[in-house]
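2 protein chains.
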Amino acid sequence: MPESAAAVQQPGREPFGSRLAAAMAARGPLCVGIDPHPGLLADWGLNDDVAGLERFSLTVVEAVATLAAAVKPQVALYERHGSAGMAVLERTLAAASDAGVLSIADAKRGDIGSTMAAYADAWLRDGSSLAADSVTLSPYLGFESLRPALDLAAGSGRGVFVLALTSNPEGKSVQHVGGSESVARRIVEAAAEENRRYAGAPGSVGMGSVGLVVGATVGTALVDLGLDLNAVQGPILAPGLGAQGATPADLRATFGEAYPAVLATSSRGILAAGPAVAGLRSSTESTRDGLLNG
Amino acid sequence: MPESAAAVQQPGREPFGSRLAAAMAARGPLCVGIDPHPGLLADWGLNDDVAGLERFSLTVVEAVATLAAAVKPQVALYERHGSAGMAVLERTLAAASDAGVLSIADAKRGDIGSTMAAYADAWLRDGSSLAADSVTLSPYLGFESLRPALDLAAGSGRGVFVLALTSNPEGKSVQHVGGSESVARRIVEAAAEENRRYAGAPGSVGMGSVGLVVGATVGTALVDLGLDLNAVQGPILAPGLGAQGATPADLRATFGEAYPAVLATSSRGILAAGPAVAGLRSSTESTRDGLLNG
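From first to last, the protein sequence lines stand for chains A and B.
Following my numbering, the numbering of the first sequence begins with 1 at its first residue and continues without gaps.
Following my numbering, the numbering of the second sequence begins with 1 at its first residue and continues without gaps.
Source of the hints: derived by calculation from the structure; they are not laboratory data.
All clues given are correct.
Pairs count within a copy or across copies, as identical chains cannot be separated in the list.
Taking lysine to aspartate or glutamate and the DMTMM-like style, the derived pairs with C-alpha atoms no more than 20 Å apart in a straight line are:
1. Lys172 - Glu193
2. Lys172 - Asp224
3. Lys172 - Asp228
4. Lys172 - Glu189
Just chain A, with the same shape it has in the complex (with noise of 0.2 Å):
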């Protein structure tokens, strides 16, 4: 069990879900992926190689950083260029923080005891090179076995959304099993009691720094599973707006009261408007737009 929250609290930086409250006010509900797939590098023009990554990685940045919520890079197409490929994350990350933006390494990390720690280190600690605002981590080993990295996120004011309901097909084959009491209930119901636990820490303004990562496109499972989002009092990242096939409607609709928590990922949508900053822009601010009006 970890010590309690007002003990471990980071000094001089309030709690993920806080700064998270506060850009989604200020900037609207939006997270950009950056997703430097080989087929778009193509399309903007770059070679699939570290220099390419590193020219689309750092562009996405510094078009959509005063705009969107937070930016997610997605970390398997760092590390397929390998260790090369991992430093352009550690820079993109580096200049993601330096503009203002928050971020979410879309790393879907999992493992138990010291070595879940030691992804804890990589992805949470001060003065890791590839430290971010929040982490996504999978929970295929149990909830309770992220403790290293849920009890260095509240100790660092940092964030993690667990991954707990998607829309591919074959995720009902782990993720719906157990009918009234499913894997994913017992995700969702984890995250809300981790969130209930620090709700009182310094800086904490009512959403907790615990997320969950609920795919925009799941349709009815969220009732069909009785699955109680509202309960989690911690940000729902929903993958899946624009490309993927969710519009604005189709979240309101999906989350119903849930809909204030929820941080709608884009990422081919708006990457197809580059490589030029003022398309990407443009594209970034009509899906904003798009989503507080819709």
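Since chain A is already given, all that's left is putting chain B on it; use the hints.
Same frame as chain A, but now just chain B:
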């Protein structure tokens, strides 16, 4: 769906399952975990930095490359040192290959679609700086979400180990859910089906290339959940030997008929004998002999 096994089989490299079966027959069923934890680095008189990480890793490879069936670097412990740590992992994997020992990158990656394809590219593609003989994967998004890695592994003579059943107590809240159709059982059955698909591939000698991760200390859970590991016809990576509590006799009792497919992993129990190469060799030999005679 993949192309037929014959169509995608890489010329000149036998399937991973066949290569691992041969190594286990020749050397015994031991995998040495390369786990450069901060505490172990200190015990070896090394700093917790990339120089210490490299010295540690290359020493283990040098010591055990002719004795172990495989080595398993724990990716989290390299990632913890950022891109420079990942560069050490690249050199460690290259050293293992040069020294003639199979490698298992313990990365527990998992995602969907083109993102999963990017992870497959990183760990399983010829020419990738991080390419290993095999990689561990995490199936929270469903076994079938791992398809890009399954197909790339089959096509390049490499392998995967999919998390199925672990011994950490919180793992039950996901893996045991679903009664007689538990999440773990679905993973086991999907792996079995996948190995059956490739059973007739050129060079195949009876052990498939789709393995599972099953903790050495799961006790009676295999029986309780009705998991038929013998039907998998692929390697079972079993962490937990030695320092984590399982004896060779425990392994035989736990895995029963499937024991011949079990690749037992020991990390700290062997690594504590370093930094002297002679000590590491002696510890590796006695651990292996314990497995053969236990």
